[in-house]
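Going line by line, the protein sequences match chains W and B.
Just add 2 to the spot in the first sequence (first one is 1) and you have my numbering.
Just add 1006 to the spot in the second sequence (first one is 1) and you have my numbering.
The hints are simulated quantities; they were obtained by calculation from the structure and are not laboratory data.
By construction, the Cβ of each residue, glycine as well, lies at the ideal position given by its N, Cα and C atoms.
Hints may contain errors.
[Claimed, not checked] With a cut-off of at most 16 Å between alpha-carbon atoms, the simulated EDC-like pairs for lysine to aspartate or glutamate come out as follows:
no., chain 1, residue 1, chain 2, residue 2
1, W, K173, B, E1188
2, W, K155, B, D1060
3, W, K199, B, E1055
4, B, K1217, W, E87
5, W, K202, W, E149
6, W, K63, W, E43
7, B, K1168, W, D16
8, W, K83, B, E1157
[Claimed, not checked] A few chain W positions that, by computed beta-carbon distances, are all more than 12 Å from chain B:
no., residue
9, K36
10, D48
11, S116
12, A140
13, L161
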Amino acid sequence: MKILIIEDEPELSDSIADYLSGEEYLCESAATFKEALDKIEMFQYDCILLDLMLPGGDGIKLLEELKKHNKQEGVIIISAKNALEDKIKGLQIGADDYLAKPFHLPELAARIYSVIRRKQFANVNIIKQNELTIDLLAKTVMVNEAEVLLTRKEFDLLLYFVSNKNKVISKSALAEHISGDIADMFDNYDFVYAHIKNLKKKLNEAGCDNYLKTLYGTGYKWDI
Amino acid sequence: MSKLLNKSLRKLILYAGLVLVVSIPVYYLIISRLWQYELDEHNITLTPEAGREDKLLIVGAVTLLTVLFFILLLTVFIWVNRRISRQLWQPFYKSLEQIKNFDLDQNISVVFDKTDIAEFAELNKSLDKLLAGNIAAYHQQKEFADNASHELQTPLAIVQSKLEVLLQGQTLTQEQYTNIEEALNALSRVSRINKNLLLLTRIENSQFMEKETIVLPELLADMLPQFATIADGKQITLSPVIQQGVQITGNRALVEILLNNLILNAIRHSPAGSDVLVNLSAKTLIITNPGSQSLQQEQLFKRFAIASSQTPGTGLGLALVKQICNRYEWNIHYSFQDGLHVFNLHF
Chain W
3 MKILIIEDEP ELSDSIADYL SGEEYLCESA ATFKEALDKI EMFQYDCILL DLMLPGGDGI
63 KLLEELKKHN KQEGVIIISA KNALEDKIKG LQIGADDYLA KPFHLPELAA RIYSVIRRKQ
123 FANVNIIKQN ELTIDLLAKT VMVNEAEVLL TRKEFDLLLY FVSNKNKVIS KSALAEHISG
183 DIADMFDNYD FVYAHIKNLK KKLNEAGCDN YLKTLYGTGY KWDI
Chain B
1007 MSKLLNKSLR KLILYAGLVL VVSIPVYYLI ISRLWQYELD EHNITLTPEA GREDKLLIVG
1067 AVTLLTVLFF ILLLTVFIWV NRRISRQLWQ PFYKSLEQIK NFDLDQNISV VFDKTDIAEF
1127 AELNKSLDKL LAGNIAAYHQ QKEFADNASH ELQTPLAIVQ SKLEVLLQGQ TLTQEQYTNI
1187 EEALNALSRV SRINKNLLLL TRIENSQFME KETIVLPELL ADMLPQFATI ADGKQITLSP
1247 VIQQGVQITG NRALVEILLN NLILNAIRHS PAGSDVLVNL SAKTLIITNP GSQSLQQEQL
1307 FKRFAIASSQ TPGTGLGLAL VKQICNRYEW NIHYSFQDGL HVFNLHF
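Only chain B is shown next, with the shape it has when bound in the complex (with noise of 0.2 Å):
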């Protein structure tokens, strides 16, 4: 691809140039002529040899001429470029780079330079008022999802309320009991939803930007426990492989999230009396366990990809794993090997 203005530069240069090649014959013939006249008017007779070395001459001088003019020219029309270029397009590709470097998601607002060209000035007032309408709409949503999740909590915990008190009844049968229980459950997973998509906004509008030195071995100590015992219950054996001193630079809450999310997948979708093995080195942390056949990669970290209503997640839990690791740079990877699903985050 070439630019712009040297596209009609070489369009002009090669214009000049056969201009010129065109007038060499024709200056040619129009200073023969003249010549010729005023040899004749003054009755001047030339020797043969005379009259071809005055043809040479001419030719000469008219081609020496013309190349220089026309490299005159050639020097001209790219110093003109260059400066048009320079010069006159500057707003053009000042702004082409603002463009380039805008990012929706770093809340940086885009101001153009005033420019006296209308044709730039149009295409600055239309940029503006494209990103003023992205940008709009871009906040717009997130507000949305927080807000609504927000407004939902204060209705969520009424009837949680209700459900509760409810349960209290003296002369409750089995079955309004179970009844209960059920809308409860469900109740449960709604709340849950939204507290994650609560968080799921949040990180995405840059909270949580407490920064801390974790000792991950310290942290899995603390956490794994409590997964242990989650696991017991489903006779699935949780095997550590911990290197000690790995530290990582993160949220904690956020880290905290993230490992409960991988950990507790696994134990969840493993079948009982299975194996999952969680592995700290150096600059991985990596999380298998058994499965019959691969997830599907390109969906698995988006929201509700995999939640149905047969499953107690939220089909959020690996949305938040993926949020979490864009807000510092690692790398989250999913693999199928040997029948056994990995997950692989890289710090």
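Just chain W, same shape as in the assembly (with noise of 0.2 Å):
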């Protein structure tokens, strides 16, 4: 798969690549409007993550580009502006979701899972590893073809491990996904551990192998 990060803080956008580089992902970097567009243009990508903000011009106009070229890639807006009306726009032009700075990288890496999900498997969105089959459109998860019936929010923690697997991931990063927001004013993050142990005894019990790790006392990490 490859990624093409269009971001101009070198440092940041090193810190994408290094994240996502790995089994599955090739990171290309743009720092510039200009050099966003030469790469556009000659390259395909599986996901563009694009800054609004670069020198020479306004993210907007290569997103307006992308789309008049009719180009497939999924484009997910990453901005310190978080604005609303910003947003809207971008979704509006087409982008496919926006993730506004400070973010989380397990964050980031599961929404670009989902939108090359999204994508490219539009029809038939299944998941399968090992005995683990997770149907992204029917929102269910099969253990050795026997469903194992999980809540929203297990689901959606699933969804958010096996699209970073093999990375450590911090509890507060866990806590900012599960509940957005409003993770802001708890003391502890207890809450994260309760959908996880949920989520770690419905998969063993249909006879999933252990991949959830815990890490260090309080990070977790799938493992495969």
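Using the hints, put the two standalone chains together into the complex.
Okay, structure coming up:
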């Protein structure tokens, strides 16, 4: 999978590339409007991460350019502005998702995963991993052909782990993923633990291998 | 208090009256003398009765005339005074009215009318300068908050991503992991403070103007399950009593923030095993949770009033609540009754 990171802060795009590069993703970066435009015109990507404030032009223009050329890449806007109007405008022009800075890298990875799956496996969107089968459209999970009933949160969490496989995920990133903005308020992230415990239990009872490991006491990793 | 011109008018009338009263005997004396002189000149002698009659006549005439003149003077004074206050002071009253109606928050600048009276022109000029200075300082402050929060987002994103990359290290020790995790937690807090500050400035800058009709019971029904999960984790019971069909008009995003902050605050600050009540009726939303002592009324809704390094909150939650209530002219009130914190939102 090829990913283009359009971001003018080299430190940030390096981190993103660092995190994503591995088994599945191949990352390229563009730091200016011009560079990004050249790359978009020349190559084909699976997903484009687009910062809106770029030296040499507005990121929204790049998005318009993509749509004009009928390019099929999934686009995720990553912006420091976090203004509602930007978000609405971006999504209207054809971005697939919007993530406000600062974001957790696992969150970004999960969004990329879901955008690519949505774009490329529009009709049959099934993730298979050994005995585990996840149907993204039907939102069902099977272990060894038997359905496991998960709550919406648990399903969401499973997807989050699968899209960050072999990565260490901190509890705070998980908390923010589960609760969105309201994670703000909490002295401890025990509610995260409760969700994970339930998910683990359900998968294990259905005969799924223990992929979800606890690391260093508070971190998690989908180990495969 | 009396008007400036009335004060001077009263003095003028008093003075004029005094002068006229004093002038009565003077006139009388002079006229009597002249009369006597003329009589002597023409060798006319009057009977004592006629002399007395003349005296009375003179006194009467002088008094009558004086009173007449006094009335004339009075009328002219009052008339002139009215005219002056209406015309001359017009620019002054106008400026006064403009300053009275001026509101820093409303972003409307004040333009004073031109006047050809030097004093008022100078006054207006000084007021202009004063207002311009204030407006500039106010905008600068708002812009600063906005820009500062903005500019912070990218470096925050960099630090956070670097830490998360660091977490992936193969040879990380437990201690190193804990350190990174703690740094990440603190960073999350900074990010949230920053986000809330930005939100506050945006509300102040009159963004989020879109309005819609919100059916509160529906919105609460959407939000409560999420709160319930969190409450369960602390063995807190969330008990909603909700009247159906209650509608309000406002920005959905803002109303969600308002409800979030109020209800989550209540959950967060309640001891384990207690009850949090959410009671919605036609015009009010009351959120109640147990507590040991009253919070400081005046401080409660101020920024960073209760934030400390011990609490994970941003110290901006209630400030946001207040700001949102101000926007829609809703009333938020806190009280402490029988060991219960009560937040009463009246819309």
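Self-check item: Non-conforming hints, listed in increasing numerical order
Solution: Violated hints (numbers, rising): 2, 3; every other hint is consistent with the structure.
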